[in-house]
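Given two chains presented individually in distinct reference frames, assemble the corresponding complex, making use of the accompanying hints.
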Amino acid sequence: MGESALSDQNRSGPKGRIVPTPSPGEKQRRWEPLTLEVSGNPAVSAETKVSPREAGDGGDAWSPELLEASETLRRHAQLLDLAHDAIIVRTPDSAITFWNRGAEAKYGWTKEEAEGQNTHDLLRTEFPEPFDEVQRRLVQDGHWEGELVHTCRDGNRIIVASRQVLQRDDKGQPVAILEINRDITRRKRAEEALKESEQRLLSIMDSSPSIMFLKDRQGRYLYVNPSFQTLCGLTPAEVVGKKDSELFPLPQADAFRSNDLNVFLSEMPIEFEETAIHDDGLHTSIVTKFPLRDTQSNVYALCGIVTDITERKRAEEALRRSEARLQAVIESMDDIVLEIDDQGVYVNVWTTNDKLLPRPKIEIIGQRVGFAFGEGFTSPILEAIPRVIANGRAESLEFTMGSSERQRWFLGRMSAIRPEAGARKSVCFLIRDITNLKRTELALRENQALFEGLFESSPDAILTTTPEGTIARLNAQTEKLFGYRREELVGKSIEVLVPERFRDHHAAHREAYRAQPRVRPMGAGLELFGRRKDGSEFPIDILLGPIAKDKDPVVVAVVRDITDRKRAEESVRELSARLLQLQDEERRRLARELHDSTAQTLSAITLNLSVVKRYASFEKNTRASKALAESVELARDAARELRTFSYLLHPPLLDEIGLAQALRWYVDGFVKRTRIRVNLEMAENPGRLPREIEIALFRIVQECLTNIHRHSESSTAEIRLFQNDQRVVLEVRDRGKGILSASLVQANAAGSKLGVGIRGMRERVRQLGGQIEFTPADPGTLVRTVIPLTRSNNPTQGSSAGR
Amino acid sequence: MATLRILIAEDNRAVREGLREFLEAQPEWQVVGEAVNGMEAVEKARELQPEVVILDYSMPQLDGISAAARIRQASPQTELLVLTQHDAPYTARRALDAGVRGYVVKSDADRDLLAAVEAVSRHKVFVSSSIAQDVSLERGRSSNA
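If you read the protein sequences in the order shown, they are chains A and B.
No gaps in the numbering here: position 36 of the first sequence is 36 in our numbering, and each next residue is one more.
No gaps in the numbering here: position 105 of the second sequence is 105 in our numbering, and each next residue is one more.
For the record, the hints were derived by calculation from the structure and aren't laboratory data.
Fair warning: there could be bad hints in the mix.
Said to hold, decoys possible - Distance condition first, Cα-Cα at most 20 Å in a straight line; then the derived SDA-like pairs of lysine to any residue:
1) Lys111(A) to Asn156(A)
2) Lys242(A) to Pro291(A)
3) Lys124(B) to Thr78(B)
4) Lys672(A) to Gln73(B)
5) Lys672(A) to Gln702(A)
6) Lys171(A) to Arg200(A)
7) Lys242(A) to Leu261(A)
8) Lys124(B) to Ala69(B)
9) Lys613(A) to Pro27(B)
10) Lys480(A) to Phe538(A)
11) Lys613(A) to Val135(B)
12) Lys188(A) to His84(A)
13) Lys672(A) to Ser129(B)
14) Lys242(A) to His278(A)
15) Lys492(A) to Ser536(A)
16) Lys124(B) to Leu96(B)
17) Lys171(A) to Glu68(A)
18) Lys242(A) to Glu274(A)
19) Lys425(A) to Ile389(A)
20) Lys613(A) to Arg111(B)
21) Lys613(A) to Leu114(B)
22) Lys613(A) to Gln26(B)
23) Lys195(A) to Pro291(A)
24) Lys613(A) to Glu21(B)
25) Lys613(A) to Ala25(B)
26) Lys626(A) to Arg111(B)
27) Lys243(A) to Lys195(A)
28) Lys613(A) to Leu62(B)
29) Lys613(A) to Ala115(B)
30) Lys533(A) to Asp504(A)
31) Lys613(A) to Ala14(B)
32) Lys737(A) to Leu782(A)
33) Lys188(A) to Lys171(A)
34) Lys425(A) to Arg368(A)
35) Lys313(A) to Pro209(A)
Stated by the list, open to error - Chain B side only, calculated, beta carbon under 8 Å to chain A, not exhaustive:
36) Asn12
37) Gly18
38) Pro27
39) Ala69
40) Asp87
Virtual Cβ for every residue (Gly too), placed ideally from N, Cα, C.
With the rest of the complex left out, here is chain B (with noise of 0.2 Å):
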């Protein structure tokens, strides 16, 4: 199997190199980079061309939607997972319509972070179990307006 290679964007130190452990302790999984900022964080999956991207929703210079539009361009077969502190369903919506694959809360990362990113390494859509059915109804409303 060969190595899932992840980049993290993540603002907050503790954060970001919790979330290195975290993921490396998985076998075949590596984090290739790490990036402060939004604009970092889309040069970096420029240069490195990562699998996975893990976005923090707010950070400085360039939030990560906005980020991950961008990235998409950079690097297109780039799969994006949102990592926030963020439950409201109406900013998975969003993420998710800006081309982003998964969307975990932070407080669940340790009980949903794997499975998301496994998931959305294999194209698949993952979101965080607490706000998932809520992120359905948001789409109702939305494809309602």
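So that you can see chain A by itself, here it is in the shape it has in the complex (with noise of 0.2 Å):
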């Protein structure tokens, strides 16, 4: 029995039934035909002979054959006394002949009373078919076997398997029929029994609203019922023969099919939880499997019956949230009501929660005010009661209880109760413990004074507006730095601070930093004035910031007066000029220096030496000849190293004749110091440029090419050079690793500190009102000046000749 299947009805049908279908170690142990070989030992087989005279009760004429041959039957079935089942040789017209000690056990006849009894009178034997059929069939093929029930003796009716044999004699004529039969009748019981039981099971789970379902040791499903489509959607005929592996994921097939083999092993109901995803999510179910045996006792499947408790852990968890809110509002509950009487005794105490009371409730009833709540509590509320009686008027009262560390506050209400006739008068108090209330009030009230403080003592004027740009609230600092007196600002529009030229812009800007409101400097990059009540102005500063309210936003704008620092911008710019142009006319007059005198002065003694070797003879002095050859050399590659230092130091060509052959000629001598190749592209006769706009975009072509030799491991440089009326522009660019573009944000950054060589050309731009940029150009860096062609900076001459 340890293979099972459903039958096909019972697989769809709630009335199914499971029949175990027969082992096939069952179908060996059938009997084969037999041949009384029983014992398994021929010698004994050999010997065994069969007496006539033994053979039936007599009376009927026996021939010899048969009565030998019965004699056989019976000597051989004589062995098969040790047999427990019963063994009976009976005549074709079932006379019985031999009846060993299983048939005497079993059937409670003797050996001697049975002989010679017709068998089936005796044993009452009732057929499964018609006997005149077994009896043809015996005939026919020699043996028949099924099952029959017999009566025993004290009339118990069993029920055997019988298989019964025919022996013929030579002729072919049947002589005795050999029958061994045994008792199943327990078997049958427990069969009986089991189908009943299952027949039960199936009825239970076919209606049960759990899930439930049996596999096979394979973790084939033999059956579902129909709550399991509840369960995961599937009908039992989707479900049935599949294994979970064809039905789940993975992960939850093994898990499964683990829980059941330890089932199979244990062979012991287990429970488990089990957890799947489903359509709705995932569910948790109890799953109890265990195990199904069929009469053999051998575990064949097993049974599952899956109680889904994901709606039950939810609810477990809506409850336990429930009882935690529950608990947590009756801990936060701090109001204690008190019944007092015109006495001032406690006539009664309720509580959420007793905590709060720093006695048992019965230890109070009873006593006068001031027992347990200590002396604070007194004497405000004696005096209050007489009051509250006679007025009928409900009072509030606040106090304090506990030493100074521990104090805590309480605010009362005190109402009178209307007396029952003959009874006390008596108020309700009830008290609440408003210590938290009144620390985060003192809290408040700190910072607020913090606030304050800082508020008003604020080097920076602080105002804050409404959204529309309402002064709402200003400081010290605001009235001081634009002359108002607070009261004159508060309710006005904040473009009363701002020069009437703003105004328009101010508002504008204003709509625009209400759409996104946000810390930020106000007016990037731009110079700010503010307007003082007497119309003077003065530079600034603003930083703005939104504070956000639940309602009402409010703008606060941070205001300095950065009148001190344009100062000292402005100085330390007047001062840089100051010091380029002196750079500048130091350059130029050590130019002048080197080039009008110390060269002039070498080229001379260049042109004397060359006098000396003529006249004089050195024929007999060859060191002296060779070392005045050498001076002359020397003399003048010095003249040459002078004029080339000198020309950097200041171009005479820069003044004389201007900045295109300037550049050129600086451009020229670049290209063979560094063998860079340069394209300076500009117009032929661009005409010249006022002074100081030639030696700015001199110094920054030098500068650049000084920059790109040094740091860009460029091969090649570009400067482009042209102009209209309005403006002069030029760009250098590089296409080497460029500049880091770090360090180009801070070259464009005002005040950057990339060296003295970015800021000298900035400085030099910005005196004359144009601009500098330096970008990134991928590769390089490309240096961008324009320069503005005023009327005040226009050329007025052509060239001044300088010496």
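Here is the structure:
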């Protein structure tokens, strides 16, 4: 019975039943046609003889052969006394000729009582088919087997598996029938009971709201009940015959299978918590799995009962949360209600939270006011009671209790209770612990004070306005800075503080800010001015920040007077301009000095040496001759170096013939010195520009090319110089690694620390009202300078003839 | 061979005297006059009618180029040679354009000056070897403009 199957009707129908089919082992145990080699001992078998004298009860004219055969059978059958089965030998007309001990034990008749009797009469045999049919089969096939019901001597009816074999003589005539009957009553009853039990199980399962299933040892579903469908939406027909791995995601199926195997292994019922994903989410189930046994007690399947506890889990969770909330509510209820009579005696105490009471309720009732709650409580209450009783008006009072470090605040509300006739007058006193509220209030007040202090003592003017720009608050510094009194500004538009010419713009900016409020400096990159009450203006910096409040958002403006800073910046600028100018002049002077004096002297020396060389006779002094020749060379080199140096300091060409030629000359020299190819693009005769502009542009080119040579690793550079009536533009670009972008940002920002060179360039350009930008050009960097050509810095003269 | 008469216009005394010695070391060459500025150079050229005037480029009162133009008016046969510190091809070009025949960079004087004076006296152009090539390039650039 190790293998089981469900019949088709059982798979779908509610009235199904489980019918175990015989196991292969059992098939093997079926009786083969009887050879009587029962004991497995052929020696014994060979010696067996049948005694005709002992066959039958006489009377009948049995042939000697028949008797012989009967005797042989009987003899052989004697060996079977040892067997537990009932073994009977009878004649073809059912007269018992042999009755073994098994038959004696089973049926209750002794051998002596049974032999000679008609077996069917004696045992009141009930056949599963008509007797004639049994006889016919026996004769035809030589054997018959089937289940018979016999009645024993004591009236017990037993079921036997009967195997009957016909013995024939040499002529083929039936001579005897050997009947071996095995009592299968118990087994049959067990089978019946099992069948019945399974039937019951099935009907329970079919109608159970719980989800149930049967699986065989291989994990195939043998059965699922209709509720199974509610779990996973699969009908029994879709499930039966499949394994979990065909129905569920693998990790889940593995878990199920592993649980199943545990049940098969332990052969005990086991409860598991299994989770599975269904259409509506994760389900948690308690699954009880228990083994199913066949009549041989072999576990052939398991039954699972699934209780989906998802809802329960959810409910439990909800309950847990709800309880926690309730607990929190209870714990946060700080109210105590006291009923106090006109004599100041506690008549009753209620509280939602006993922990609030300094003493148990039972101890408080009947005591006078002052008990338990302490001194602070006593007098204000005793004073209030008669008032409240007299006026009938409720009163609120605040009082503190406890020592200073553990002091707590309470708010009490006392109201009169209308007494019943004859009862004492009393009041209801509701006390609420407001310590936390008080502490918050105190902290708030402290914060407020701190804020006020900071606000008022700030060296910056601080104003708050509505999003519409109406001034709400301002500090002392605002008054001082703008020259208004506080009350003159509150309620006014912030534009009062803006110079008239900017007011329209300001209002527009304010609207834009309102749309996107965030902390930021106002008018980044612009110069901002404030307007005093007297109409005078002063430079300011403004930082804006929104303050989020539930309602009425507020904008804070922090205004700083930067007059001093501007002044300082201006003087720094003036100073640096002056320094640059001085530097230029100094360079020019040095260049002149070197060029006009030192270099000339060197030239004279060279000429003189030449003369010496010509007239002096050094034929006898080659050493002197050689030294002289070297001196001439050295003087010439020195003159050349001096010239180059002085030109770099200040190219005389710049003053004499202008920027274009000076650039050409400089670029030529640069190319020779550095081997960097330079493409210089400009008009052939661009005309003279104001001297300061020419110097500035020349210096920028000089600075840029020097940087390119030193830092960029570029093998080429491009210079473009072009101009129109309004402006002159200079672009210098390299194709090297460029200046790092971070440095670029710095270079573009005012006050950059990126080297004196770039600052110098910037300052020169700034003084001329122009702009210089450093942008990454990928590869390389583009330095673009734009200088406006205003009337004031237009050239007045072509060239200034210098020395 | 007739004497070659030369006028020196140079504001630096040391150079002036050095030049005189240097030039007069040549037989048949005679420095007939010296000027210390452009105006004087024009005056002396008009008065002395030299065959060659050696002009400094940068001089007080009147620079060498401006002086050259006037000298050519005052003394048409006189050939002009600029002796200067400037080694920029552009200045050489400018000088040549103004009618100057010779252009010698001062640091090359001991090497080039004699040949230059010799050349211009024969009405030939001479440019200092160190910048000669760049000057011809300069000419190309000028003609393109």
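Comparing the hints with the structure gives:
The straight-line distance between the Cα atoms of Lys111(A) and Asn156(A) is roughly 19 Å, inside the 20 Å bound, and the hint therefore holds. With a CA separation close to 19 Å, the supplied pair Lys242(A) and Pro291(A) stays within the 20 Å bound. With a C-alpha separation of about 12 Å, the suggested pairing of Lys124(B) with Thr78(B) holds against the 20 Å cut-off. At most 20 Å may separate the alpha-carbon atoms for a hinted pair to count; Lys672(A) and Gln73(B) exceed this at roughly 39 Å.
A C-alpha spacing of about 15 Å is found between Lys672(A) and Gln702(A), which places the hinted pair at or below 20 Å, so the restraint holds. Annotation: proposed proximity of Lys171(A) to Arg200(A) is violated, straight-line Cα distance about 56 Å (limit 20 Å). At most 20 Å may separate the alpha-carbon atoms for a hinted pair to count; Lys242(A) and Leu261(A) meet this at roughly 16 Å. Proposed proximity of Lys124(B) and Ala69(B) is supported: the alpha carbons are some 18 Å apart, at most 20 Å.
The suggested pairing of Lys613(A) with Pro27(B) holds, with an alpha-carbon distance near 16 Å, which does not exceed 20 Å. About 13 Å separates the Cα atoms of Lys480(A) and Phe538(A), which keeps this hinted pair within 20 Å; it holds. Restraint check for Lys613(A) and Val135(B): the C-alpha separation of about 31 Å exceeds 20 Å, so the hint is violated. A threshold of 20 Å between alpha carbons decides the hint, and for Lys188(A) with His84(A) the separation of about 18 Å falls inside it, so the pair holds.
Taken as a hint, the Lys672(A) and Ser129(B) pair is honoured in the structure, with Cα atoms around 17 Å apart against an allowance of 20 Å. This hinted pair checks out: Lys242(A) and His278(A) have alpha carbons roughly 18 Å apart, not beyond 20 Å. Using a Cα cut-off of 20 Å, the hinted pair Lys492(A) and Ser536(A) holds, with the two alpha carbons roughly 19 Å apart. Restraint check for Lys124(B) and Leu96(B): satisfied, since their Cα atoms lie roughly 12 Å apart, inside the 20 Å limit.
At most 20 Å may separate the alpha-carbon atoms for a hinted pair to count; Lys171(A) and Glu68(A) meet this at roughly 14 Å. For a cut-off of 20 Å, the pair hint linking Lys242(A) to Glu274(A) stands: about 19 Å separates their Cα positions. Restraint check for Lys425(A) and Ile389(A): the C-alpha separation of about 7 Å stays at or below 20 Å, so the hint holds. Between Lys613(A) and Arg111(B), the direct Cα distance comes to roughly 12 Å. Compliance with the 20 Å bound is thereby established for this hinted pair.
Annotation: proposed proximity of Lys613(A) to Leu114(B) holds, straight-line Cα distance about 14 Å (limit 20 Å). Straight-line distance between C-alpha atoms of Lys613(A) and Gln26(B) comes to about 13 Å, which keeps the hinted pair within the 20 Å bound. This hinted pair checks out: Lys195(A) and Pro291(A) have alpha carbons roughly 16 Å apart, not beyond 20 Å. As the CA atoms of Lys613(A) and Glu21(B) are separated by approximately 12 Å, the hinted pair is consistent with the 20 Å bound.
The suggested pairing of Lys613(A) with Ala25(B) holds, with an alpha-carbon distance near 11 Å, which does not exceed 20 Å. Restraint check: the Cα-Cα separation between Lys626(A) and Arg111(B) comes to about 16 Å, which is no more than 20 Å; the hinted pair holds. Between Lys243(A) and Lys195(A) the CA atoms are separated by roughly 25 Å; this puts the pair beyond 20 Å, and the hint is violated. For the hint linking Lys613(A) to Leu62(B), the alpha-carbon distance of about 34 Å lies beyond 20 Å, and the restraint is violated.
Restraint check for Lys613(A) and Ala115(B): satisfied, since their Cα atoms lie roughly 17 Å apart, inside the 20 Å limit. The suggested pairing of Lys533(A) with Asp504(A) holds, with an alpha-carbon distance near 19 Å, which does not exceed 20 Å. For the suggested pair Lys613(A) and Ala14(B), the alpha carbons sit about 18 Å apart, so the restraint of at most 20 Å is met. For the hint linking Lys737(A) to Leu782(A), the alpha-carbon distance of about 12 Å falls within 20 Å, and the restraint holds.
Taking the CA atoms of Lys188(A) and Lys171(A), the gap is near 40 Å; set against the 20 Å cutoff, the hint is violated. Taking the CA atoms of Lys425(A) and Arg368(A), the gap is about 15 Å. The hint holds against a cut of 20 Å. In summary, the hint linking Lys313(A) to Pro209(A) is supported, as the alpha carbons are separated by about 18 Å, within the 20 Å threshold. Hint status for Asn12(B) relative to chain A: holds, with the closest Cβ pair at about 4 Å, below 8 Å.
Of the supplied interface hints, the one on Gly18(B) holds, with its beta-carbon coming within about 4 Å of a beta-carbon of chain A, less than 8 Å. For Pro27(B), the interface hint is violated, since its Cβ never comes within 8 Å of a Cβ in chain A; the closest pair sits about 11 Å apart. Hint status for Ala69(B) relative to chain A: violated, with the closest Cβ pair at about 14 Å, above 8 Å. Hint status for Asp87(B) relative to chain A: holds, with the closest Cβ pair at about 7 Å, below 8 Å.
Violated hints, in rising order: 4, 6, 11, 27, 28, 33, 38 and 39; the structure is consistent with all others.
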